[in-house]
Amino acid sequence: MLQSIRDRSRSWGAKIIIGAVVVTMALFGVESLVGLLGNSGDEVAEVNGEPITRQQLEMEVQRAIRSGQVPPEQERALRAEMLDMLITDRLLTQYAEEGGLHVSEEQLDQLIVNLPEFQDANGRFDRDLFRNRLSSAGFTPLSFRQQLSVDVKRQQLQQGLAVSDFTLEEERERLAALQRQTRSFRHHALVPEDLETPPEVDEQALEDYYAAHESDYRRPEQVRLNYVVLDRQQMAEEAEISEEALREAWEEGAAEADRRVSHIMVTFGDARGREEAEALLEQVQERLAEGETFAELAAEVSEDTSTSDDGGDLGVISRGFFGEEFEEAAFSLGEGEVSEVVETDNGLHLVKVTELDRPAFEESRDQLRRQLAREQVTDAFNEKAQRLIDDSFAAEDLESVAEDLELELQQSDWVGRDGADGVLSEPGVMDQAFSGDVLEEGYNSEVIELDEDRRLVLRVAEHREATTLPLDEVRDEVEAAVRREKTREALVELAAERVERLRAGESLEIEWQQAETISRQGDTNLSDALIEAAFRLPHPEDDAPVYGHAVDGERVMLIALDEVEAGEPNEQIESFVARMAERLRAQAAIQGLLDDLREEAEIRR
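Heads up: the sequence shown begins at 1 in UniProt numbering, then just goes up one per residue.
Any given hint might turn out to be false.
Here are the in silico distance ranges between beta carbons for each label pair [claimed, not checked]:
#1 L206 x L450: 54 to 62 angstroms
#2 E300 x D258: 49 to 57 angstroms
#3 G505 x G553: 27 to 35 angstroms
#4 E516 x E489: 27 to 35 angstroms
#5 A588 x G99: 14 to 22 angstroms
#6 L108 x H539: 51 to 59 angstroms
#7 D208 x E440: 36 to 44 angstroms
No lab work stands behind these hints, which were simulated from the structure alone.
Backbone N, C-alpha and C fix where the C-beta goes; we use that ideal spot for every residue, glycine too.
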């Protein structure tokens with residue numbers, strides 16, 4: 001909840017503009033937002049005599065659901081959390097106003113004109129943009145100023161609390177010293193095989209554990225679904241495409257394929273007329289016909305000095321590289337062909353395609369077949385998709401729909417709202433499965449468009465409510481959990497016993513693993529639990545190790561701390577830790593205020 005308070009108050013610009021203008025408009029439309037400004041009289045809570053309306057609460061709930069922060073099935077829990085958040089906001093606002101925090105009209109003006117959401121492309125405040133965006137979100141300029149004023153006051157309050165607390169220089173130095181400290185220690189993992197006898201699990205232990213962890217064995221609400229999928233790609237796989245069609249498509253693809261081209265260019269203007277330039281290229285054409293190479297003639301004749309020494313080569317081009325006239329010539333040629341004279345803004349050209357940048361026919365076969373098959377079945381797919389819409393809406397079952405459209409009727413295992421696999425896990429599918437029309441009324445679902453190639457319709461075959469599974473049904477799981485717990489407890493006892501013997505000076509046969517100069521943030525393969533335990537141990541004295549243990553998942557680790565060193569200063573890390581410490585102090589101050597305000601307030605739900 002404290003994070004919610006910080007998030008909502010830290011950035012009044014983001015909250016007011018992005019939250020209200022974008023999200024609300026997209027989710028509810030202008031009409032519902034305009035209604036938000038009124039008082040419906042339907043109160044869900046009262047804070048020191050000030051109401052919180054149901055409309056305000058529902059707005060926050062729907063924003064969270066539609067933004068994807070919370071799945072719809074958690075709406076009830078979310079509603080309680082959002083109401084608590086609104087109460088917190090109201091308490092902070094009331095406290096700020098009672099404390100005399102003030103925002104002048106001039107300050108509000110300055111804040112508004114500096115918001116980028118109201119600025120034009122040149123970064124200047126745009127009055128029309130301001131009014132249009134507010135209008136779209138259901139705000140008037142006056143109501144927006146009022147809301148902005150409230151948010152700024154709340155921000156002033158939280159910033160005031162944050163800066164009223166501080167860290168002494170001595171505390172910063174102590175914190176930095178702890179942060180840069182390194183430790184060298186040995187460690188050894190105790191595993192279940194180290195126990196003389198495995199722990200016993202009796203019936204009473206099972207029952208006690210099950211009673212304490214019933215929520216872990218709660219089965220969510222589930223359905224078993226019948227469904228059909230119309231798949232264009234599957235239809236395409238069954239289509240027959242001839243070799244002739246594949247060859248024809250491959251040849252047609254050459255017209256749009258990228259290509260490597262060369263050119264010979266001559267210019268005209270003051271020194272040479274157009275007719276003279278054209279005559280020069282006609283001579284080049286004649287010499288090409290007589291067997292001279294394009295590259296040799298480009299080197300001799302072309303006035304494009306950047307390419308003439310390289311046979312006129314322009315490299316590989318795609319459509320859009322050059323002007324329309326040049327490209328029309330280049331993309332009308334086959335490999336090795338030379339164009340007629342082409343005129344562009346630069347002069348006159350002869351263009352030659354030296355290479356088509358496309359894979360060979362055999363390499364393209366599979367892709368061409370998929371492409372042609374998809375095109376071939378598109379009309380049939382669209383016709384079937386429309387029939388699927390009509391049939392599934394009218395039918396009282398899904399079997400007849402599958403039979404009519406020659407689709408496979410598939411059935412799922414038991415699935416929950418967020419526990420489906422495969423096609424049922426795709427967005428929107430389980431929302432339909434648990435919708436009122438499908439789950440409660442027993443209708444076929446609407447046709448769900450999974451993507452451009454697939455359509456799905458489902459129907460609930462069976463339904464079972466959420467329930468806690470009986471012990472007999474989950475006995476194996478409970479027994480495994482109890483055994484793990486008892487094994488961990490036994491390993492902790494064994495670790496404590498060995499630590500006592502080590503502290504007493506007894507020499508034990510332990511295969512220690514060494515960890516040298518480990519820091520609190522050390523990039524090692526050691527677990528966080530092990531490092532934290534090592535840093536909690538007191539400093540060794542007189543070169544005598546300090547022993548301890550740590551619980552690390554299913555393992556219990558023995559620790560022998562050998563040495564503590566001051567470490568090297570790291571200004572960046574120490575600065576970050578200092579900022580985090582100050583932030584935690586500020587959060588504690590804000591939380592303290594909230595606790596006090598809630599205790600003193602008259603809150604009615």
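Verification of the hints:
no., hint, verdict
1, L206 x L450: 54 to 62 angstroms, "violated, 44 angstroms"
2, E300 x D258: 49 to 57 angstroms, "violated, 28 angstroms"
3, G505 x G553: 27 to 35 angstroms, "holds, 31 angstroms"
4, E516 x E489: 27 to 35 angstroms, "holds, 32 angstroms"
5, A588 x G99: 14 to 22 angstroms, "holds, 20 angstroms"
6, L108 x H539: 51 to 59 angstroms, "holds, 57 angstroms"
7, D208 x E440: 36 to 44 angstroms, "holds, 39 angstroms"
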